Amino acid sequence: MKPRHKRFAFIGLGLVVLGIATILVLNAFQSNLVFFFTPTQVVNGEVPQGRSFRIGGMVEDGSLVRENDGLTVRFIVTDTAKRVPVTYKGILPDLFKEGKGAVAQGKLAGDGTFVASEVLAKHDENYMPPEAAAALAKAKASGAQQSKSLVVPEGRKDSL
Amino acid sequence: MIPEIGHFALILALCVAVVQGILPIYGAAVGNSALMAVAKPAARGQFFLVLTAFGCLAYAFAEKDFSVLYVAATSNSQLPLHYRLAAIWGAHEGSLLLWTFILTIWMFAVTLFSAHLPESTRSRILGVMGLVSIGFLLFMLTVSNPFERLIPAAAEGRDLNPLLQDPGMVIHPPMLYMGYVGFSVAFAFAIAALLGGNLDAAWARWSRPWTTVAWCFLTVGIAMGSGWAYYELGWGGWWFWDPVENASFMPWLAGTALVHSLAVTDKRGGFKVWTVLLAIMAFSLSLLGTFLVRSGVLTSVHAFATDPKRGMFILAFLAVVIGGSLALYAWRAPRVGLGGSFATVSREGMLLANNVLLVAAMGSVLLGTLYPLFLDALDLGKISVGPPYFDSVFVPLMAPAIFLMGIGPLAQWKKASLPDLANRLKWAFGVSVVTAIVLPIVMGNWTPLLSLGLLLAIWIVTSAAVTLRERLTHVAGNSLGERLASVPRSYWGMLVAHCGIAVFIVGVTMVKGFETEKDVRMNVGETATIGDYVFRFDGAQDVVGPNYTAARGTFAVSRDGREATVLYPEKRRYTAQNQIMTEAAIDPGLLRDLYVSLGEPLDDGAWSVRLYHKPFVDWIWGGCFIMALGGVLAISDRRYRIAWRRQEPAVPASARAAKRKVA
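If you read the sequences in order, they're chains A and B.
Residue numbers for the first sequence, in the working numbering: 2 to 161.
Residue numbers for the second sequence, in the working numbering: -5 to 657.
Some clues are possibly wrong.
[To be verified] Which chain B residues face chain A? A few, computed with CB under 7 Å, are given here:
{"#": "1", "residue": "Ala354"}
{"#": "2", "residue": "Lys376"}
{"#": "3", "residue": "Pro382"}
{"#": "4", "residue": "Tyr383"}
{"#": "5", "residue": "Val387"}
{"#": "6", "residue": "Pro390"}
{"#": "7", "residue": "Asp513"}
{"#": "8", "residue": "Arg515"}
{"#": "9", "residue": "Ile574"}
{"#": "10", "residue": "Thr576"}
{"#": "11", "residue": "Gly593"}
{"#": "12", "residue": "Ser602"}
These are computed hints drawn from the structure, not numbers from a lab.
The structure displayed is predicted, hence computed values, not measured ones.
All C-beta atoms in this analysis are idealised placements derived from N, C-alpha and C, irrespective of residue type, glycine included.
Whenever a hint applies, use it, and build me the whole structure from the sequences.
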């Protein structure tokens, strides 16, 4: 092989690797993207069935109930327009409180209860998780454009 | 008064940076040595000015000067002195000052260790660093001044985020920034070479130790951040694929590729164009990381204030740096010429494959990090990309790269023979495969991923052993000791760093495969069992700390009826901001960590509790430190020490290559 051919072979190899990487990425993207919905959307049935998604809003005052096992909790997430009951088994983050913003990730059960696998709350007292803030703003504007905040849903690290 | 001195020092530093960024580069272009000579004193002057500013801010923190807005926002009179000083980089403004300060430290270091460089190269390097510095100083002076006054002064500060009140957080940001900013030296070398058109093997040799040092700092910095997340966040996780973590990981991947690509440029004169591109990429990603973490684009532990002006400034700065350097690259790179040719199966070929894989991995992290931002900015919905995405992309990309890592060091430059390599490595491969399959079965939990992880780790170690043995037969010396001593340190460095990866993989694999986690409700006196360990909860007492009150639980841990240890996890309430924090208790060990964190108080003194048994988890960070140690060994090599003292004869790359062909 001439050097030029070799170089083409290398470039070809690089393209193949990049192609494989792209396929992997797109595949993984397809199955791992988690979408965000507001309580209103959940109640209106706009959410996917059997697929994990996130909801956000305020934890309704006085809605937090702990079951006898000490670990399972029930509470209601609201965007002031609609309410979604949530159950979660596990330890809640430090800053989870009634009347404060929270985001939960999980699936919707048949009876309309949101079964959370993860609950996120923010580490700063005065801070509202962006999704929760967006949900409240959206409900307030009822149908108007939602806020254009440049914020991504936080990962688990932020759940304190 | 003191804060004003600091502010004034920053303004002077900006003036000096402008001079340093313009005159030496112009001088190098027209061959005026008087103008080039400005670079060194300017860089040193800038260092002392920024040092003064940094000292002034430190003084304001130490003296609890709450008339300075930044001090009032990030510290508190109850905060102990060491955390008050660490609060300098506890938020946006101060961490930018730290960034700039570290940039000037690197500049100062370049002025010290560049006596052997040609005058024009040195002045171009310092000039480029001066230009970078202009950007950061302007940023601080226009939109994020750490010395801004608060009038009237606050009676009390808002306090440092309790999450950051931790020894790990004192050291993590400076380490990380040493790494980030260190790549600015590699970047400046690359830009200087593009400007001067003298991209040769000597250039790579000069650039190599700087890049390796930056890489070591970055490795340690990331490891410390990960360790901090593990013990401070109370989740027991060590990596969350959080955008903030990704921001530090992307420059690391590009930097790792750069370290390997520089090796080829140094030894063979090849990959030149690619190496320059990687240097630009590594530094651009460092800037991007700073942007992501510090602009408030990502709402995370690290971003405290959202200020669109700042975001716009950094974005514009990024566009200038990345766009400018890529334009220069497009203009000048074609003149650089190609290196020597090589066969597909050769050390160059394998290093190229390693580079492509690392960059592909970096690209996938970049996509997963930025894609949600784009969607949100374009109002197409809010999404999140979680750990499953990164896990499923990362493993298949890294596995072949790590497999090649075993073969690469054994392959000859230019052209190697595949059957020959297979023959030399057959024992190493056989041993790895057998151990990787048998070991998990013996431990009683076989999964494909577990075997893959162990296979890769053992493969690295066994192939490194083969490499070392072959090397020993080639070097001079009678006794084994003499031979070991005559293997160059850079070679040891490579082997040690590679083994660090193996240790890291063992840690990750074992934690994933064998960890046990339990969320339980525990009454006083109740026990819970995880692994071989029995945890007994002996109740919680109230304790008072310097700036917090806490409930401290007592857990007696026993194994086979014998007491192993007692753990005291805490639930703290920091009084300044009335913020609650979980302080996990960990019993570390070489083979396992025991980890307890308190959830919430329930009735009758009971608590919800999270218990973990994490086998080999400390190997994760141990591996990172071993990698960094490898880097340190590599730069302590004789060839660099000699290079510091005497100037390299300026031999063009083509002449070098020709000489090698003759030889």
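Outcome of the hint check:
Satisfaction of the interface hint for Ala354/B is found here, the shortest Cβ-Cβ separation to chain A being roughly 4 Å, below the 7 Å cut-off. Taking 7 Å as the C-beta contact cut-off toward chain A, the hint placing Lys376/B at the interface holds, the least distance being around 4 Å. For Pro382/B, the shortest C-beta to C-beta distance to chain A is roughly 5 Å, which falls under 7 Å, so the interface hint holds. For the restraint placing Tyr383/B at the interface with chain A, the shortest Cβ-Cβ distance is roughly 4 Å, inside the 7 Å limit, so the hint holds.
Using the Cβ-Cβ criterion of 7 Å, the hint placing Val387/B at the interface with chain A is satisfied: the shortest such distance is roughly 5 Å. The closest approach between the C-beta of Pro390/B and any C-beta of chain A is roughly 6 Å, which is under the 7 Å cut-off, so the hint is satisfied. About 5 Å separates the beta-carbon of Asp513/B from the nearest beta-carbon of chain A, less than 7 Å, and the hint is met. A least Cβ separation of about 3 Å between Arg515/B and chain A falls short of the 7 Å threshold, and the interface hint therefore holds.
Taking 7 Å as the C-beta cut-off, the interface hint given for Ile574/B holds, the closest approach to chain A being about 4 Å. Of the supplied interface hints, the one on Thr576/B holds, with its beta-carbon coming within about 6 Å of a beta-carbon of chain A, less than 7 Å. This hint holds: Gly593/B has a C-beta 4 Å from the nearest C-beta of chain A, less than the 7 Å allowed. Because the smallest distance between the Cβ of Ser602/B and any Cβ of chain A comes to about 5 Å, under 7 Å, the interface hint for this residue holds.
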